[in-house]
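Protein chains in written order, with this note's numbering: chain A, 1 to 413; chain B, 1 to 413.
These are calculated hints, taken from the structure and not from any lab test.
Small disclaimer: the values here were computed from a predicted structure and weren't measured.
Don't take each hint at face value.
The list makes no distinction among identical chains, and a pair is therefore deemed to hold if it is satisfied within one copy or across any two copies.
Listed below are the simulated BS3-like cross-link pairs for lysine-lysine, each with C-alpha atoms no more than 30 angstroms apart in a straight line [what the hints assert, rightly or not]:
1. Lys123 <-> Lys329
2. Lys318 <-> Lys95
3. Lys118 <-> Lys318
Protein chains: 2
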Amino acid sequence: MPADPGFLSRVRVKKYGGTSVGSLERIEGVAARLAEDLARGEIPIVVASAMSGETNRLVALAERIDPDYRGAAYDVLVASGEQVSIALLAIALQKRGIRAQPLLAYQLGIQTDSVYSKARIQKIEGETLLGFCRRGVVPVVAGFQGVDEEDNITTLGRGGSDTTAVALAAAIRAPSCEIYTDVPAVFTADPRLVPDAKELARVSFEEMMEMAALGSKVLHIRCVELAAKHGIRIHLRSTFEARAGTWIVPEGEIMENPLVTAVTHDANTCVFVLHPVPAGTGFLADLFDRLASRGVVVDIITQSDTGDGRRLAFSVTKEDVALTRQALKEFLPAQVGVEALEGMGKISIVGVGMRNNFGVAARFFRTLADARIPVQLVTTSEIKIGAVVAADALPKAADALAGAFGLRATGGV
Amino acid sequence: MPADPGFLSRVRVKKYGGTSVGSLERIEGVAARLAEDLARGEIPIVVASAMSGETNRLVALAERIDPDYRGAAYDVLVASGEQVSIALLAIALQKRGIRAQPLLAYQLGIQTDSVYSKARIQKIEGETLLGFCRRGVVPVVAGFQGVDEEDNITTLGRGGSDTTAVALAAAIRAPSCEIYTDVPAVFTADPRLVPDAKELARVSFEEMMEMAALGSKVLHIRCVELAAKHGIRIHLRSTFEARAGTWIVPEGEIMENPLVTAVTHDANTCVFVLHPVPAGTGFLADLFDRLASRGVVVDIITQSDTGDGRRLAFSVTKEDVALTRQALKEFLPAQVGVEALEGMGKISIVGVGMRNNFGVAARFFRTLADARIPVQLVTTSEIKIGAVVAADALPKAADALAGAFGLRATGGV
Numbered sequence: 001m002p003a004d005p006g007f008l009s010r011v012r013v014k015k016y017g018g019t020s021v022g023s024l025e026r027i028e029g030v031a032a033r034l035a036e037d038l039a040r041g042e043i044p045i046v047v048a049s050a051m052s053g054e055t056n057r058l059v060a061l062a063e064r065i066d067p068d069y070r071g072a073a074y075d076v077l078v079a080s081g082e083q084v085s086i087a088l089l090a091i092a093l094q095k096r097g098i099r100a101q102p103l104l105a106y107q108l109g110i111q112t113d114s115v116y117s118k119a120r121i122q123k124i125e126g127e128t129l130l131g132f133c134r135r136g137v138v139p140v141v142a143g144f145q146g147v148d149e150e151d152n153i154t155t156l157g158r159g160g161s162d163t164t165a166v167a168l169a170a171a172i173r174a175p176s177c178e179i180y181t182d183v184p185a186v187f188t189a190d191p192r193l194v195p196d197a198k199e200l201a202r203v204s205f206e207e208m209m210e211m212a213a214l215g216s217k218v219l220h221i222r223c224v225e226l227a228a229k230h231g232i233r234i235h236l237r238s239t240f241e242a243r244a245g246t247w248i249v250p251e252g253e254i255m256e257n258p259l260v261t262a263v264t265h266d267a268n269t270c271v272f273v274l275h276p277v278p279a280g281t282g283f284l285a286d287l288f289d290r291l292a293s294r295g296v297v298v299d300i301i302t303q304s305d306t307g308d309g310r311r312l313a314f315s316v317t318k319e320d321v322a323l324t325r326q327a328l329k330e331f332l333p334a335q336v337g338v339e340a341l342e343g344m345g346k347i348s349i350v351g352v353g354m355r356n357n358f359g360v361a362a363r364f365f366r367t368l369a370d371a372r373i374p375v376q377l378v379t380t381s382e383i384k385i386g387a388v389v390a391a392d393a394l395p396k397a398a399d400a401l402a403g404a405f406g407l408r409a410t411g412g413v
Numbered sequence: 001m002p003a004d005p006g007f008l009s010r011v012r013v014k015k016y017g018g019t020s021v022g023s024l025e026r027i028e029g030v031a032a033r034l035a036e037d038l039a040r041g042e043i044p045i046v047v048a049s050a051m052s053g054e055t056n057r058l059v060a061l062a063e064r065i066d067p068d069y070r071g072a073a074y075d076v077l078v079a080s081g082e083q084v085s086i087a088l089l090a091i092a093l094q095k096r097g098i099r100a101q102p103l104l105a106y107q108l109g110i111q112t113d114s115v116y117s118k119a120r121i122q123k124i125e126g127e128t129l130l131g132f133c134r135r136g137v138v139p140v141v142a143g144f145q146g147v148d149e150e151d152n153i154t155t156l157g158r159g160g161s162d163t164t165a166v167a168l169a170a171a172i173r174a175p176s177c178e179i180y181t182d183v184p185a186v187f188t189a190d191p192r193l194v195p196d197a198k199e200l201a202r203v204s205f206e207e208m209m210e211m212a213a214l215g216s217k218v219l220h221i222r223c224v225e226l227a228a229k230h231g232i233r234i235h236l237r238s239t240f241e242a243r244a245g246t247w248i249v250p251e252g253e254i255m256e257n258p259l260v261t262a263v264t265h266d267a268n269t270c271v272f273v274l275h276p277v278p279a280g281t282g283f284l285a286d287l288f289d290r291l292a293s294r295g296v297v298v299d300i301i302t303q304s305d306t307g308d309g310r311r312l313a314f315s316v317t318k319e320d321v322a323l324t325r326q327a328l329k330e331f332l333p334a335q336v337g338v339e340a341l342e343g344m345g346k347i348s349i350v351g352v353g354m355r356n357n358f359g360v361a362a363r364f365f366r367t368l369a370d371a372r373i374p375v376q377l378v379t380t381s382e383i384k385i386g387a388v389v390a391a392d393a394l395p396k397a398a399d400a401l402a403g404a405f406g407l408r409a410t411g412g413v
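Start from the sequences, fold in the hints, and give me the full structure.
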């Protein structure tokens, strides 16, 4: 092959999501944008999701046959969605005179474990992928899929195509990965709740992981974890606009951290309050064992004694409410009362800047108190504070916190 | 593995076509029928087509982007249809407590050449396939697809899933292959044209190949060719009824051959008549070279001299009419007149029994003459006679020939 010292520096992994390839017109739009990238001297490696709606359509077919089925066949089924979109995108590229090759997981040795529907990537043959680039062919890779040791198709779960893109970047030792999506950037708050939220030029991996865990839908936590592990900087951009977007980078690359980077919310919480709870840690251990064995993911747990007996509160997601009720019914002694507070949500602030600042928590609670928003449960880490509040109070809470922590486009702290 | 001398004799390759898996209800029906097969002690290997309509839907997507595109991406696209149907069928089997594994071409090493959209199978890893059976897992194989030397997906063209089934049977040295379809058998004539056509219990490979070439849609010629080459007997049966269907077998297995086995028609012909044609064979060679280089498949060619100059007539399919006109326009000297007879069809009789019988041709032409059906062109081989007639005369021709050659359920020769 010809020596080309600049070759690797021109390779760009570019991931286009479901809405970005959601129609034939949009697929043509992506092809046109890639043609511009090539004209600028970039060497693209493309990763695509299924056309939006397609994965849901396929899942519905499987569920009509057997709503409870999970296993290898399920992954074979849903992986077909990406096969369609990469083929169509490759055709749209070829129409523009660009050599392109749709590539499936087995062709690139995207090896995963065998945990169907939630598989994790173990290795990728980066050289195979680069081989296409060296021959002047644009690889158009199916996101979301891998193959296990027995060569069966696996899928990576939510956010899977983002994870594929980051993993490909890691496999070819690229310094970064571009993720094109239907939002132009990461914002300091959800613009639907806080209309004057600011676009963030840079966010640290750690902050982005917290934001993903706390309800931000922009990137899935697994994709950010993988990027952090391999030091792959993520450039999140709009498919439909030429704006710069947001870079998700190692913390060290951000010169000046604001106290708080963003406010994140999630309207998907239910709080269970148990009272009176028997004394002794054995009870708690047994209770949470029981919930875990049912597949219930417990988020926040608090315990208090208000004089009339010990009170235990914990939060779960809406989806797990029925399972939780069932487990509690089977497990709890008759004298323990159960109260379920449904329609709750979580409001959180995230920022590496709060690590060394002790006033943040006080200002957080003061802001919610001034807005007359009662707090049910609290959770904190080094770089976040979260509170469970009524779901219908989330817009007011987000807006008040955006004001208190300088997250509006119009004004600072 | 346990010694099981009867194992191989119980393995059955069973292919279900697009209408057989055309809805979730029908997929469940196939699963139920396979459960019965297993209960009877059979060891099924299943091949499935895409759900009916799905391949056309995918083709339409590609054509909306680029109507002229053919290549690797096209095959990746359309092959996704079988991926969906085998996954759904595997889920339906598992719901019935049957272990099943959807399998794609790359997993079974279904190796083809790289002629995309019309690839030919070169080899299959039969032992891999049998391994699933030995472990008590029903392999549910995607028909129609293969992989080429570079591991790209290829597709086999029309009738591809039938070809896959026969090739799998050959790879595991099975003596036969069951093809389940929406017709219950091969008939002596198309029952839509000849309502009292007879079901054939047995047809020879050679006859079936002629019938496929002459317009019978029941099996594609490539599938029958492959079966003949490997001596795989095909059992064609209805998906929806328990009838015996038709066996397609080596000629030696048919004890008594009727004079004519079937009448076949094809309403897809156009005849071009050129007059006057320059003398010399060079002209004909150049003309048919030119047509071939345009991809036009010429079927029947006749030449005559009726005193007013040489007259050349040849037939092509409807699809090739535009290409043919274009090629003739470029190639022919101005003085050669061109007449195109559109709306033509071909009516043929097929039967190994006519090999040693000289009266068949006479009776064929007498029958058409008595029915006042003019014949434009004639083609014969050892076991067939075909005539190009007006397409709207085909029902009358088929009916008359069925009567003349004893092809009705009610009566003999």
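Here's how the hints hold up against the structure:
1. Lys123 <-> Lys329: So Lys123 and Lys329 fail the 30 angstroms test inside a copy (44 angstroms) and across (59 angstroms) alike.
2. Lys318 <-> Lys95: Between copies only: 28 angstroms across chains, 47 angstroms inside a chain, cut-off 30 angstroms.
3. Lys118 <-> Lys318: So Lys118 and Lys318 pass the 30 angstroms test inside one copy only (20 angstroms; across, 51 angstroms).
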